[in-house]
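Under the numbering used here, think of the first position of the sequence shown as 1, with each following residue one higher.
Derived by calculation from the structure, the hints in this document are not laboratory data.
Ideal Cβ placement from N, Cα and C applies to all residues, glycine included.
Heads up, a few of these hints could be off.
[To be verified] Below, in silico cross-link-like pairs of lysine to aspartate or glutamate (DMTMM-like), each with a Cα-Cα straight-line distance of 20 Å or less: (1) Lys149 <-> Glu112; (2) Lys66 <-> Asp90; (3) Lys64 <-> Asp90.
[Stated by the list, open to error] Simulated restraints on C-beta separations: (4) Thr130 <-> Ser70: 14 to 24 Å; (5) Gly94 <-> Lys149: 29 to 39 Å; (6) Asp55 <-> Arg119: 24 to 34 Å; (7) His145 <-> Ile69: 16 to 26 Å.
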Amino acid sequence: SFAGGCRRRVGEFSACGHWEGDTVIGAAHKQAIVTLVERKSGFAVLAKVPNKSADLVGRAIEAKLKPLISRVKTLTVDNGKEFADHQAIDQTLGIQTYFADPYCSWQRGSNENFNGLLRQYIPKKRRMETVTDEELTMIENRLNHRPRKRLGFKTPHEVFHASLNRVAPRT
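Build the full structure now, drawing on both the sequences and the hints.
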């Protein structure tokens, strides 16, 4: 058993393909940004949604992960209502979704870390409707090309795309 009663459900994975997801909300809790982070590389994709409904969040996840489907095996999210359509996501993408234990944010540590980096660009007080698609793409590119100490000062983009050439895709 781990601190706080949390059990480790999803351990460290050696191969790329295990993703973590979350939503980041802004001022007034209207719109949100869906953040999806690949666990090993830290490579992330972002999508803006008008609200945190399960349908919109699910469609955003499917749209962002479908082009990367050969590198998507699992998705770990928190227990928020916005992930209620996880079975539809699993069926569409052919993956397995896992849920972190309540109050155990470390089970999605890569995503929590990324959300902190995202907040350097989009502070909590900012209204999400002021974030343009172009700005979101710029932030995604900057963070994916930012060297990380945990990656030996390689970028998430380098590590993720190098894995595309080394590892046989999922069939």
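Right, here's what the structure says about each hint:
For the hint pairing Lys149 with Glu112, the CA-to-CA distance comes to about 17 Å; that is within 20 Å, so the pair holds. Among the hinted pairs, Lys66 with Asp90 is consistent with the structure: their alpha-carbon atoms are about 11 Å apart, no more than 20 Å. Taken as a hint, the Lys64 and Asp90 pair is honoured in the structure, with Cα atoms around 14 Å apart against an allowance of 20 Å. Range check, Thr130 to Ser70: Cβ separation about 35 Å, and the 14 to 24 Å hint is violated.
Between Gly94 and Lys149 the Cβ separation comes to about 34 Å, which falls inside the hinted range of 29 to 39 Å. In this structure the supplied range 24 to 34 Å holds for Asp55 paired with Arg119, their Cβ-Cβ distance being about 26 Å. For His145 and Ile69, the Cβ-Cβ distance of about 23 Å falls inside the hinted range of 16 to 26 Å, so the restraint holds.
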